[in-house]
Amino acid sequence: RLAQADGPAALLPFYDQLIPVLESALWDSALDPLQLDLYHALCAEMEGHIALAGDDRRHTLVVVVPVADRPQQLRCCLMSLAGAARAFRYGAGTAQSTSKIVAVIADDSRAVASIVENRAIAAEIRQSGIETHYFGQQEQLAELDALADSDREALRNIIGRAAPDDFSHKGASVMRNITCLMLNRMAQQDERLLFLFVDSDQAFHVDTGGGRERFTTNYFYHIDRIFSLSPVEVLTGKVVGDPPVSPAVMAGTLLEDVLALLTEMAGLGAHASCTFHGDPDNQDDAAYHDMATLFGFKPSDAPCRYQCTLQGAHDHAACLSDLACKLNRFFDGEHPTRVTPYRHVDVQGSVTAARTVYTGDYVLSPGALRYFIPFAGLQLRMAGPVLGRLVQASSGDAFVSANLPLLHRRTVAETGGSEFRPGVDRSAALVDLSGEFERQFFGDVMLFSVIELVAQGYPEQLPARAEIQAQVQATEATLRAHYAVVRQRVLTRLLALEALLPEPGLWWHDAAQIRTLFDRFCESLRANFGENAPAWQQIEDEAHRERRCTAIVDALAAYRLDRQSWGRVLQG
Numbered sequence: 001r002l003a004q005a006d007g008p009a010a011l012l013p014f015y016d017q018l019i020p021v022l023e024s025a026l027w028d029s030a031l032d033p034l035q036l037d038l039y040h041a042l043c044a045e046m047e048g049h050i051a052l053a054g055d056d057r058r059h060t061l062v063v064v065v066p067v068a069d070r071p072q073q074l075r076c077c078l079m080s081l082a083g084a085a086r087a088f089r090y091g092a093g094t095a096q097s098t099s100k101i102v103a104v105i106a107d108d109s110r111a112v113a114s115i116v117e118n119r120a121i122a123a124e125i126r127q128s129g130i131e132t133h134y135f136g137q138q139e140q141l142a143e144l145d146a147l148a149d150s151d152r153e154a155l156r157n158i159i160g161r162a163a164p165d166d167f168s169h170k171g172a173s174v175m176r177n178i179t180c181l182m183l184n185r186m187a188q189q190d191e192r193l194l195f196l197f198v199d200s201d202q203a204f205h206v207d208t209g210g211g212r213e214r215f216t217t218n219y220f221y222h223i224d225r226i227f228s229l230s231p232v233e234v235l236t237g238k239v240v241g242d243p244p245v246s247p248a249v250m251a252g253t254l255l256e257d258v259l260a261l262l263t264e265m266a267g268l269g270a271h272a273s274c275t276f277h278g279d280p281d282n283q284d285d286a287a288y289h290d291m292a293t294l295f296g297f298k299p300s301d302a303p304c305r306y307q308c309t310l311q312g313a314h315d316h317a318a319c320l321s322d323l324a325c326k327l328n329r330f331f332d333g334e335h336p337t338r339v340t341p342y343r344h345v346d347v348q349g350s351v352t353a354a355r356t357v358y359t360g361d362y363v364l365s366p367g368a369l370r371y372f373i374p375f376a377g378l379q380l381r382m383a384g385p386v387l388g389r390l391v392q393a394s395s396g397d398a399f400v401s402a403n404l405p406l407l408h409r410r411t412v413a414e415t416g417g418s419e420f421r422p423g424v425d426r427s428a429a430l431v432d433l434s435g436e437f438e439r440q441f442f443g444d445v446m447l448f449s450v451i452e453l454v455a456q457g458y459p460e461q462l463p464a465r466a467e468i469q470a471q472v473q474a475t476e477a478t479l480r481a482h483y484a485v486v487r488q489r490v491l492t493r494l495l496a497l498e499a500l501l502p503e504p505g506l507w508w509h510d511a512a513q514i515r516t517l518f519d520r521f522c523e524s525l526r527a528n529f530g531e532n533a534p535a536w537q538q539i540e541d542e543a544h545r546e547r548r549c550t551a552i553v554d555a556l557a558a559y560r561l562d563r564q565s566w567g568r569v570l571q572g
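Residue numbering for the sequence shown follows our numbering, starting at 1 and increasing by one per position.
Derived lysine to aspartate or glutamate pairs resembling EDC-like cross-links, with alpha carbons at most 20 angstroms apart: (1) K326 to E419; (2) K238 to E213; (3) K298 to D285; (4) K326 to E523; (5) K326 to D425; (6) K326 to D432; (7) K238 to D285.
Derived by calculation from the structure, the hints in this document are not laboratory data.
Please model the complete structure; the sequences and the hints are all you need to start from.
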């Protein structure tokens, strides 16, 4: 009767009250399929009423996916996006397609086969009803060619210096910044756009095991509502599943858990029914991180008990064999014992001031395109936390976080590895993490230098170069000492594991496959943390440190000018 009297628009406020109730009920029911269907039906019903009311003024979400030689992971990501669009019908009403979800594939691939496949994926996603733009090398070069030569030179720290004849693998930060030039043009044509950046190894669904995908969060509705109800410019979510950090900084926690597992296994029968099931340990944020205290998190005070993922009846031997097969995935970023779980919290009630950006899950308003990924030309890790501290210093209440997690899966199920991971070399028998390890260490140097400088008023107050240099050098020395402590902890635990594995009398002693896989894992760890580890040779090389620290100082000193140049180009 209300709808008949006042039209469909009169019903819309009731959906804003019902959606959080149904979301909570869904998780209280342990994702009961009937509750999930009810939730999807409610969202579809709301979209039908919005369409009937006419003049849908909600934001259009442009989902930007930077990718480099990961066609399988890109396909999974965009298929999950298409699944979420079908489940929640944001902007679709009763139609089969939506004009309020747009996908952009920002392709930094080098392999011709990857580029061909990515173009095919773009066409496939269009067929699903989502407007899709393929932003490949030709399109990127055209974007840069539209800049004046003086502007292109002024932006060299932001968009890099890649030559047109080798315009791939520029790095995720440079790729995002070049894409923002194109997004800025889109925003000039439509001010009701929001730009959601996700990584190609992420998904919009919850994985409930056994290949079952559940779309439990209406990201599009919640993002629009957050930006509509308050003057937000930057929103960051988080990731669940695999940790969003390098294996270089989580080997210690994994070894701690593996040692605890083997110690417990030693007292159990190999062919007794597996007991490593049940509710996982409650894990704090960053529980996987060897240096959690540096980021303000409480360190783990006990090992995390391994949660077996095998289904059906099986014994301890099968459980340990399955873990042994997963260990080598650690070097692509999986952490078999500390997977970040999804914890439901009311999305709108979770909005709070933020200090870090998850670069695989953040949203910019058109005005926030002024926040490029800083220091992109250095190709360091920790770009998101660095960006977050600088945005926090400039935006205040306009920078928020919310409980909008994306599922993070580092590896492809079929191969057990990542399709492409810069800085991880698998060309030899042992995995070499040195490229990523080095970028992690100096990324931390950049981050903690920025934190100290921001506390002194940076970037609005730019210290003298000598003061910046002194800060960077002090930060580097402190972090090198901290890394050395963690390295020693890793080696101590590794030595204990290497001694435990061949111990006579333990039931896995004669399990050849398990022993082989564990031995290979230990050998790769020792190659990356031991005496002759290439990463540590770089970090401890005085000349290399000097070059890296000088480049960091140069970038910090130039940042304010970079901001001015970027703003001028966007306005022009």
